[in-house]
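Each chain sits in its own coordinate frame; assemble them with the hints.
What follows is each chain in one-letter form.
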Amino acid sequence: MMIFLVAFTKYLIPLIIQLLVVLGFVFTTVAASQYLGPKRKTAGKLESFESGLDAVGNARVPFSVKYFLAAILFVLFDVEIIFLYPWAVNFKELGWQGFVEMLMFIVFFTLGFFYVLKKGALKWDD
Amino acid sequence: MQAALFYGLSIVAIMCACGVVVSRNPIHSVLFLILTFFSISGHYILMNAQFIALVNIIVYAGAIMVLFLFVVMLLNLNKESEPHKSDLVKIIAATSAGLFSLVLVGVLKGATLPAYEGMMDSENGLVKNLGRVLFQEFLLPFELSSILFLSAMVGAVLLGKKNVQA
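Taken in sequence, the protein lines are chains A and B.
Residues in the first sequence are numbered from 1 upward in steps of one, following the working numbering.
Residues in the second sequence are numbered from 1001 upward in steps of one, following the working numbering.
No lab work stands behind these hints: they were computed from the structure.
Be a bit skeptical, because a hint or two may be false.
Claimed, not checked - Here are the simulated DSS-like pairs of lysine-lysine, each with C-alpha atoms no more than 30 Å apart in a straight line:
(1) B:Lys1161 to A:Lys123
(2) A:Lys118 to B:Lys1128
(3) B:Lys1161 to A:Lys118
(4) A:Lys66 to A:Lys118
(5) A:Lys123 to A:Lys66
(6) A:Lys66 to B:Lys1161
(7) A:Lys119 to A:Lys66
(8) B:Lys1162 to A:Lys123
(9) B:Lys1128 to B:Lys1109
(10) B:Lys1128 to A:Lys119
(11) A:Lys119 to B:Lys1162
(12) A:Lys10 to A:Lys119
(13) B:Lys1162 to A:Lys66
(14) A:Lys92 to B:Lys1128
(15) B:Lys1128 to A:Lys10
As the structure is a computational prediction, the values presented were derived from the model and not from experiment.
Here chain B stands alone, though its shape is the one from the complex (with noise of 0.2 Å):
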């Protein structure tokens, strides 16, 4: 059954993957994107990972696909304003994207997985484990993660927002 689910699941991720690249239109890409983080955290379920499945759809699907949505709403991407490509442009593009994936290929083809030494234990990834190990093992990387987020907000209101001086 496992077996099954993962090749389901895999057929999925890299149809919807596809479409993404594929599709005319920029929204059915943002659906495209949110199928394949659905059918990811589905990957994750199926390791065990819970904590990540269930960040992985509240996050990516949720919030981050709202923000890709916005960035496509914000272009101007009428079909008459869309440029036109020149076809250097296009060889230059094929070139370019061609050669990154035969680097990809040499790579993943001189790669070998070392086999996981230890115990690996199946309940690594659930909440509770997960929990345990933020808030003691790694507190201070948590906590410099919220001044992170500050930064964060405070490089967003700098940037998206007038300067009304009132």
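Chain A with its partners taken away, still in its complex shape (with noise of 0.2 Å):
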């Protein structure tokens, strides 16, 4: 537990006050706006603001699957940037080794990546 504690407060405590900073500030500006800034409510500006138009129906219709489609791919690209977290950190210790093995796993992912160019996975329209 000591050691636990020690470790805790040598890598966390400049974390946990900029931590703090930030939301202090995020916190405090958006108070301040709200109770000094001058209100006031009417039924068209409490309308949700939709390009000028007046909203019409439910915004809770099926999307198009193309959005998710997107959204999968982006996942994948995100998880092939969080493996190169822990290897830029040790990018120097693992030298040349490490870089051919990075390098194997960037182009399978190029090799998707042209593959879902191809198909034209990412086109909007057609």
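Now the structure itself:
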């Protein structure tokens, strides 16, 4: 428990201070603008803004599956980026061997990327 | 301080997890799930597993939740179109869920957690140490995962894309 506590404070005190400053700034500014700014609520102002047009119907309509495809591809490449972090931190230590390893990994992803492009999966209108 | 943080995070996590289940609006469920992921990330940081905490926020709270949101939007969840479950279905669901929780409680009660043998290194979860292990000891699974991603990409495109022969 003691060792853990040392590790905890060693790595996280700067992080916690930054977190407090960031959160404090955000909440203070948002709350201050809420209280300091003048408000005049009218029916027109409280309506949700839809490019100046009157909102019609419900927002819960089924979306096109294209959005989902884009999102799923985003997740895959997001995970690829995640693997880059531990490699980048150890970049010098792993040397050329690590470079080749990462190159192989990225080549596979690039193959997939070209497949996606060739298939036109990211093309919006067809 | 640790205990206070742990209990605070646990309470937030459990409350948000309950919010996921209880809230009527599926979008609210997704938002509650994001909060749950954040509090679980806090737990990871408490265990000094910084990489997992980061990945949990970037991948789960960021990317996977976008997927969840799109799934919610793909489904037609208007109030009028929401199907009403019959009482029989409700009873069956409650019974099976209750039985499952019974099994879960029974298993957890009978389980013993063997003490961890050997040196416990509190810096195991740092990005540097994790990368060292990943790129040397677990190189093959790492490279294989790229093939898994490739197949996932192909599968997603095949399923999600209409086949138009130009």
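Consistency of the hints with the structure:
Taken as a hint, the Lys1161 (chain B) and Lys123 (chain A) pair is honoured in the structure, with Cα atoms around 10 Å apart against an allowance of 30 Å. Distance restraint check for Lys118 (chain A) and Lys1128 (chain B): the Cα-Cα separation of roughly 37 Å exceeds the 30 Å cut-off, and the hinted pair is therefore not satisfied. Restraint check for Lys1161 (chain B) and Lys118 (chain A): the C-alpha separation of about 12 Å stays at or below 30 Å, so the hint holds. With a CA separation close to 16 Å, the supplied pair Lys66 (chain A) and Lys118 (chain A) stays within the 30 Å bound.
Only pairs whose Cα atoms come within 30 Å are accepted, and Lys123 (chain A) paired with Lys66 (chain A) is accepted, the gap being roughly 9 Å. Pair hint Lys66 (chain A) plus Lys1161 (chain B) holds up; C-alpha atoms about 8 Å apart against a cutoff of 30 Å. Among the hinted pairs, Lys119 (chain A) with Lys66 (chain A) is consistent with the structure: their alpha-carbon atoms are about 13 Å apart, no more than 30 Å. Only pairs whose Cα atoms come within 30 Å are accepted, and Lys1162 (chain B) paired with Lys123 (chain A) is accepted, the gap being roughly 11 Å.
Distance check on the hinted pair: Lys1128 (chain B) and Lys1109 (chain B) sit about 37 Å apart at the alpha-carbon level, beyond 30 Å; violated. For the given pair, Lys1128 (chain B) sits about 38 Å from Lys119 (chain A) by alpha-carbon distance, which is inconsistent with the 30 Å threshold. Straight-line distance between C-alpha atoms of Lys119 (chain A) and Lys1162 (chain B) comes to about 10 Å, which keeps the hinted pair within the 30 Å bound. Restraint check for Lys10 (chain A) and Lys119 (chain A): not satisfied, since their Cα atoms lie roughly 50 Å apart, outside the 30 Å limit.
As the CA atoms of Lys1162 (chain B) and Lys66 (chain A) are separated by approximately 10 Å, the hinted pair is consistent with the 30 Å bound. Restraint check for Lys92 (chain A) and Lys1128 (chain B): the C-alpha separation of about 11 Å stays at or below 30 Å, so the hint holds. With a CA separation close to 16 Å, the supplied pair Lys1128 (chain B) and Lys10 (chain A) stays within the 30 Å bound.
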